[in-house]
Amino acid sequence: MEILVCARRVPDTSENEITLNSAGNDIERDELVYSVNEPDNYAVEEALQIAARIGGNVTVVTVGGEDDEEILRREMAMGANHGVLITDEAFSGSDGLGIATILKAFVEKGNYDLILTGVQAEDGGAQVGGMLAAMLDYPFASLVNSIEVLEGRKLKISREIAGGDKEMNEIDLPCVLSIQTGINEPRYVGMRGIRAVASVPIPTYGASELAVDPRSVGGAAARVKRVDYFLPALGKGAEMLEGSREEVIDRLVGLVAAKGGLK
Amino acid sequence: MPRIFAYIAHKGGVADDSAAELAAVAKKIDAAATLTAVVMGWGAELDSVCNAVRGSYAEVWKIANESLVYPNAELVRKALVKVLPAGGVVLVTHEHFGIDLAPGLSIKLKAAFVSDVLEIEGVEDAQLKVVRQEFGGQVSAHVRCDISSGAVVTIRPGAFKPLESTPVSGSVNDKSADVGVLTASRRYLQTMVAESGDVDITKHNVLVSIGRGIQEKDNVAIAQELADAMGGALSCSRPVVDAKWLDKSRQVGSSGKTVKPKVYLACGISGAFQHLVGIKGNPFIVAINKNPKAPIFQVADVGIVDDLLEFLPELTNKIREMHGVSAK
Ligand SMILES: Cc1cc2nc3c(=O)[nH]c(=O)nc-3n(C[C@H](O)[C@H](O)[C@H](O)COP(=O)(O)OP(=O)(O)OC[C@H]3O[C@@H](n4cnc5c(N)ncnc54)[C@H](O)[C@@H]3O)c2cc1C
Numbered sequence: 001m002e003i004l005v006c007a008r009r010v011p012d013t014s015e016n017e018i019t020l021n022s023a024g025n026d027i028e029r030d031e032l033v034y035s036v037n038e039p040d041n042y043a044v045e046e047a048l049q050i051a052a053r054i055g056g057n058v059t060v061v062t063v064g065g066e067d068d069e070e071i072l073r074r075e076m077a078m079g080a081n082h083g084v085l086i087t088d089e090a091f092s093g094s095d096g097l098g099i100a101t102i103l104k105a106f107v108e109k110g111n112y113d114l115i116l117t118g119v120q121a122e123d124g125g126a127q128v129g130g131m132l133a134a135m136l137d138y139p140f141a142s143l144v145n146s147i148e149v150l151e152g153r154k155l156k157i158s159r160e161i162a163g164g165d166k167e168m169n170e171i172d173l174p175c176v177l178s179i180q181t182g183i184n185e186p187r188y189v190g191m192r193g194i195r196a197v198a199s200v201p202i203p204t205y206g207a208s209e210l211a212v213d214p215r216s217v218g219g220a221a222a223r224v225k226r227v228d229y230f231l232p233a234l235g236k237g238a239e240m241l242e243g244s245r246e247e248v249i250d251r252l253v254g255l256v257a258a259k260g261g262l263k
Numbered sequence: 264m265p266r267i268f269a270y271i272a273h274k275g276g277v278a279d280d281s282a283a284e285l286a287a288v289a290k291k292i293d294a295a296a297t298l299t300a301v302v303m304g305w306g307a308e309l310d311s312v313c314n315a316v317r318g319s320y321a322e323v324w325k326i327a328n329e330s331l332v333y334p335n336a337e338l339v340r341k342a343l344v345k346v347l348p349a350g351g352v353v354l355v356t357h358e359h360f361g362i363d364l365a366p367g368l369s370i371k372l373k374a375a376f377v378s379d380v381l382e383i384e385g386v387e388d389a390q391l392k393v394v395r396q397e398f399g400g401q402v403s404a405h406v407r408c409d410i411s412s413g414a415v416v417t418i419r420p421g422a423f424k425p426l427e428s429t430p431v432s433g434s435v436n437d438k439s440a441d442v443g444v445l446t447a448s449r450r451y452l453q454t455m456v457a458e459s460g461d462v463d464i465t466k467h468n469v470l471v472s473i474g475r476g477i478q479e480k481d482n483v484a485i486a487q488e489l490a491d492a493m494g495g496a497l498s499c500s501r502p503v504v505d506a507k508w509l510d511k512s513r514q515v516g517s518s519g520k521t522v523k524p525k526v527y528l529a530c531g532i533s534g535a536f537q538h539l540v541g542i543k544g545n546p547f548i549v550a551i552n553k554n555p556k557a558p559i560f561q562v563a564d565v566g567i568v569d570d571l572l573e574f575l576p577e578l579t580n581k582i583r584e585m586h587g588v589s590a591k
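Protein sequence lines correspond, in order, to chains A and B.
Letter by letter, the first sequence follows residues 1 to 263 in our numbering.
Letter by letter, the second sequence follows residues 264 to 591 in our numbering.
Hints listed in this document are in silico derivations from the structure and should not be mistaken for laboratory results.
Here are some chain A residues pointing at chain B (derived, C-beta under 10 Å): (1) Asn-16; (2) Gln-127; (3) Gly-129; (4) Lys-225; (5) Phe-230; (6) Lys-236; (7) Ala-238; (8) Glu-239; (9) Leu-252; (10) Leu-255; (11) Ala-257; (12) Leu-262.
Predicted model only: the values in this text are computed from it and were never measured.
No residue lacks a Cβ here, since even glycine has one placed at the ideal position from N, Cα and C.
Only chain A is shown next, with the shape it has when bound in the complex (with noise of 0.2 Å):
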């Protein structure tokens, strides 16, 4: 099976605490520590699974730029076969119709019985996967949990829906899945499998390679545009207990029984 995952490297929430900046109409980016956003490691982590039990390739595909490649290396280092970056000054700004315009055309180039992305980036936009889908005239299925290669160029699936109950169902190939965490166990990679895939090539596209045309896409075609960044204004807020920690638990504790939260 040749499969697709669709990979974006973004701020590390677990590792950052995101602040505005200065200015106040931004995210302060300096210092940030970056890594591949969770739920495309693990549909990378599914990828690979998948492709061990019944044979295949895993291609590793992301939109971005010069420092994108370093997620790329570092899901070769996994296991996945192929890193392919796609990279153009026609491309930044796209909106989420934009990237799926381009990576429509990146799949079309190739023969892909299946394609992954994560349910979500850090701007939880959840919206590439099924785009890329409906232009491709695919079947899609979002927050997928679990994964059964069936007969007939079929999968079953499940879906996480309300209350962690599983939705099941079964889907064509080719089709274009969106991967929700927790589907499996992502491997670890150390910095010696890193290493191992640092001098590999990796190919990338542009506008003219995909024949993407390049009014189609980027800031200017974008429908959705972010203005700026802001803290909304607080709410009432939490009382915060300061002092030593003994005076903060002392309170605490007297807080707490007094909502009968104390035996």
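Fit chain B with the ligand to the known structure of chain A by using the hints.
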């Protein structure tokens, strides 16, 4: 102004709570709008849903189709594409079904798409001005969406105050004939209900809840000890379950359990909305987090900025002392 449509999610003949929230959103986009609810499904229960939303929507489009007996997003999308006029604004609730339906629907309608909207700040020159959150709610963003050729907008559940329903009731138009036969390349099989675990966190008055801030599996024990000392139970956020440190049955949130404790201690939990929607009944929330700007402090009653790995054991000792158990 474009026409505004709301897709009404429903189950067992009952419209989802978000139906009245979507009506409120539509009024914020255009106070003068004639709102249209789209209700799809099959059987007698469809009529009760249509009836229930007539208070908030001037028009209700009923679409009965046997293949929609279960809301398979692919079939729903195909049906919507057949009935919706071009250029409208379509509102969908941002939960597991909306996430499945909405992005692809926007492509087929050739409409713009913006997801998980928390606030509407009006329309100016065909630009819908909305507020979203990024980075798990750590920052908000002003976003503009060009609605000149229509838009599909998903709305965060609970973010808008429901529109009060009026005694005036909307008309129900049966549009089923416009839909015809629907086929899908994804077929719904069955729903598997989540397994219940060893501890039922929905029945406890006191929950000590841990998030990614617990850092390692071995640290889970310090939170368990606190829960034991308080006579409560241990619950958690999603990353703790993803890492397999606790069972899924302990997870609080939209894809986990809805809990109604009296006291909720959020330890090393940032306060993402998918977590917060699982906490109901207005409990006394204590947040312990090393990041003073963590969003959890906006919803907590009491906040403590500290390292939980040091704070929790000391709190446990204090409570044990009070109970006359000698501290370790
Ligand atoms: C469709 C969908 C459904 C979801 N369903 C759920 C759900 O049901 N439940 C759920 O919880 N999430 C759910 N999520 C995930 C959710 O969006 C968040 O990613 C998640 O809640 C974050 O968990 P967290 O707060 O533990 O981790 P983080 O956001 O990483 O926060 C960790 C916090 O710990 C603090 N911290 C770190 N170290 C320490 C320390 N030593 N002492 C004190 N504080 C420390 C940090 O400052 C940070 O605030 C869902 C997501 C999606 C897309």
